[in-house]
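Residues per chain are reported as follows:
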Amino acid sequence: MNTTFSALTLGLGLTVASAAALADNGRLLATGGASSINGAAGGGITPWAVLAGYGEQGEWGGNAFVTRVETGDYRLDVAGGAVSYGNRIELSYARQRFDLGTLARDLSLPGNTLSQDIFGLKVRLFGDLIYDQLPQVSLGIEHKRQKDFFVPNAVGAKRDEDTEGYIAASRLFLGGAFGYNLLVNGGLRYSRANELGLLGFGGDRRDTRSVLKEGSVAVLFNPRWAVGVEYREKPDNLNFAGESDWADVFVGYFPNKHLSIVLAYARLGEIATLDNQDGAYLSIQGSF
Amino acid sequence: MRLLISLLLALGLAACAQQPPKDDSLYRDLGEREGITRIVEGMLINIAKDPRIVEHFVNVDIERLRDKLVEQFCVEAGGPCTYTGATMEESHKGQKLTRSDFNALVEDLQDAMDAEGVPQPAQNRLLARLAPMRGQVIEK
Numbered sequence: 001m002n003t004t005f006s007a008l009t010l011g012l013g014l015t016v017a018s019a020a021a022l023a024d025n026g027r028l029l030a031t032g033g034a035s036s037i038n039g040a041a042g043g044g045i046t047p048w049a050v051l052a053g054y055g056e057q058g059e060w061g062g063n064a065f066v067t068r069v070e071t072g073d074y075r076l077d078v079a080g081g082a083v084s085y086g087n088r089i090e091l092s093y094a095r096q097r098f099d100l101g102t103l104a105r106d107l108s109l110p111g112n113t114l115s116q117d118i119f120g121l122k123v124r125l126f127g128d129l130i131y132d133q134l135p136q137v138s139l140g141i142e143h144k145r146q147k148d149f150f151v152p153n154a155v156g157a158k159r160d161e162d163t164e165g166y167i168a169a170s171r172l173f174l175g176g177a178f179g180y181n182l183l184v185n186g187g188l189r190y191s192r193a194n195e196l197g198l199l200g201f202g203g204d205r206r207d208t209r210s211v212l213k214e215g216s217v218a219v220l221f222n223p224r225w226a227v228g229v230e231y232r233e234k235p236d237n238l239n240f241a242g243e244s245d246w247a248d249v250f251v252g253y254f255p256n257k258h259l260s261i262v263l264a265y266a267r268l269g270e271i272a273t274l275d276n277q278d279g280a281y282l283s284i285q286g287s288f
Numbered sequence: 001m002r003l004l005i006s007l008l009l010a011l012g013l014a015a016c017a018q019q020p021p022k023d024d025s026l027y028r029d030l031g032e033r034e035g036i037t038r039i040v041e042g043m044l045i046n047i048a049k050d051p052r053i054v055e056h057f058v059n060v061d062i063e064r065l066r067d068k069l070v071e072q073f074c075v076e077a078g079g080p081c082t083y084t085g086a087t088m089e090e091s092h093k094g095q096k097l098t099r100s101d102f103n104a105l106v107e108d109l110q111d112a113m114d115a116e117g118v119p120q121p122a123q124n125r126l127l128a129r130l131a132p133m134r135g136q137v138i139e140k
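Chains as they are written, first to last, in the working numbering: chain X, 1 to 288; chain W, 1 to 140.
No lab work stands behind these hints: they were computed from the structure.
Accuracy of the hints is not assured; some may be wrong.
As the list claims (entries may be wrong) - Simulated restraints, written as ranges between beta carbons of each label pair:
| no. | chain 1 | residue 1 | chain 2 | residue 2 | range |
| --- | --- | --- | --- | --- | --- |
| 1 | W | D61 | X | L121 | 44 to 50 angstroms |
| 2 | W | M88 | X | P255 | 48 to 54 angstroms |
| 3 | X | K213 | W | T87 | 43 to 49 angstroms |
| 4 | W | G85 | X | G286 | 51 to 57 angstroms |
| 5 | X | G58 | W | D67 | 18 to 24 angstroms |
| 6 | X | N222 | W | D61 | 29 to 35 angstroms |
| 7 | W | T87 | X | N222 | 29 to 35 angstroms |
| 8 | W | S91 | X | F126 | 45 to 51 angstroms |
| 9 | X | G58 | W | D114 | 43 to 49 angstroms |
| 10 | X | G86 | W | Q95 | 18 to 24 angstroms |
| 11 | W | P80 | X | N222 | 26 to 32 angstroms |
| 12 | W | Q136 | X | R88 | 32 to 38 angstroms |
| 13 | X | Q57 | W | G85 | 45 to 51 angstroms |
| 14 | X | G86 | W | G94 | 20 to 26 angstroms |
What the hints assert, rightly or not - Covered stretches of chain X, as calculated for chain W (at least 3 residues, CB under 8 angstroms):
| no. | region |
| --- | --- |
| 15 | 100-111 |
| 16 | 115-125 |
Unchecked claim - Where chain W lies over chain X, by a calculated footprint (3+ residues, C-beta under 8 angstroms):
| no. | region |
| --- | --- |
| 17 | 53-62 |
| 18 | 240-250 |
The structure presented is a predicted model; accordingly, all values stated were derived computationally and were not measured.
No residue lacks a Cβ here, since even glycine has one placed at the ideal position from N, Cα and C.
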């Protein structure tokens, strides 16, 4: 009896050990990125060309995350996750809830939140973040469904769901920033989403998609800590209010391949008539 | 005076005879031959405890491997060594190493350099020298 039990414990222990080892296989720390507010692996307000989690060829990777952006007048809550296979293809989902706070009170709006679902697909076309001659380049599409269309419709938005595409290139330059590793990301997005899509898609001022630039630069002081800046150009489709480009400065902490925390200070400009929306951004992600 | 002239002449000739100075700053940052030996030994100990890749080292003459790796790291770091081992393609032939295996080895090396207190920029410089070899190591 005792022997059987010991053998069983040993067997189980080995299974657990090998599962744990497998989980730590794959790519190097932080190369799965954090989770962007659209659910795709990347930075905070823009995706990177990297795929979610730590899977290499023949392996799965994935993550789940929660993010909050708080500007005082508004609050954005996001939850979602992504899975990837073979460091080649990524599927992601995010639910965004935008709390109108001040605006809903001031204008006595019928609802005080705007929500949307975002379904994302990203494919690595070629290259590698670190090793190959070419940078890693990925193509992505995002299908977005706005869930509370009363307010967006009232302010001139044309539709409550839409699909947009983007291309992103990412490269880690070993020792590229005075000896520290430098991560550079650049992308182009083809979209007509108003405030990410929370205010619908297309508008009374412009109803066609625009080519929008986005990018980020980060320095890794060691494999666990990254500090950087991000920028995201946004369209301006609605007459009732201007829409500002977004930027932020962030600190990312990747203590291991199962946890990452990103803290940022974001400048979101004018959102739905309220200007100077600066605020704090916090994102927590679990990954494998 | 004559002594001074011959001294200057000798110095000048010596300078001419020298190779253009090689950049050995990385070699020095890694602690020269002793430091590199400790890094390589630390990496091999980490590999021995690493269930992801230890199986690839079971039938390997570890002392010889250590010596060749020290030579290789020394050369890559700009140190006064000669690499006497096989080419990367030859030494990894038939092992069918994956991209993940390569990354696991990089992590074991990073841990060894951390344990030796190698500054991050020096770590990155060595990794930048080794990273282009991935294509000669994996999937052979």
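We went through each hint and held it up to the structure:
1. W:D61 - X:L121: 44 to 50 angstroms: About 48 angstroms separates the Cβ atoms of D61 (chain W) and L121 (chain X), which means 44 to 50 angstroms holds.
2. W:M88 - X:P255: 48 to 54 angstroms: For P255 (chain X) against M88 (chain W), whose Cβ atoms are near 33 angstroms apart, the range 48 to 54 angstroms is violated.
3. X:K213 - W:T87: 43 to 49 angstroms: holds (44 angstroms)
4. W:G85 - X:G286: 51 to 57 angstroms: Taking Cβ atoms as reference, G85 (chain W) and G286 (chain X) lie about 42 angstroms apart, which means the hint is violated.
5. X:G58 - W:D67: 18 to 24 angstroms: Roughly 34 angstroms apart at Cβ, these two residues miss the hinted range, so it is violated.
6. X:N222 - W:D61: 29 to 35 angstroms: holds (34 angstroms)
7. W:T87 - X:N222: 29 to 35 angstroms: holds (32 angstroms)
8. W:S91 - X:F126: 45 to 51 angstroms: violated (28 angstroms)
9. X:G58 - W:D114: 43 to 49 angstroms: Because 29 angstroms falls outside the window, the suggested range is violated.
10. X:G86 - W:Q95: 18 to 24 angstroms: Because 21 angstroms falls inside the window, the suggested range holds.
11. W:P80 - X:N222: 26 to 32 angstroms: The hinted range 26 to 32 angstroms holds for P80 (chain W) and N222 (chain X), with Cβ atoms some 30 angstroms apart.
12. W:Q136 - X:R88: 32 to 38 angstroms: Violated - the Cβ-Cβ distance for Q136 (chain W) and R88 (chain X), about 23 angstroms, lies outside 32 to 38 angstroms.
13. X:Q57 - W:G85: 45 to 51 angstroms: Because 27 angstroms falls outside the window, the suggested range is violated.
14. X:G86 - W:G94: 20 to 26 angstroms: holds (24 angstroms)
15. 100-111: violated (count 0)
16. 115-125: violated (count 0)
17. 53-62: This one holds; 4 residues, not fewer than the three required, reach chain W with a Cβ under 8 angstroms.
18. 240-250: The restraint on the region 240-250 of chain X is violated, since only 0 of its residues have a Cβ under 8 angstroms from chain W and three are required.
This entry does not satisfy hints 2, 4, 5, 8, 9, 12, 13, 15, 16, 18, going by the numbered hints stated previously.
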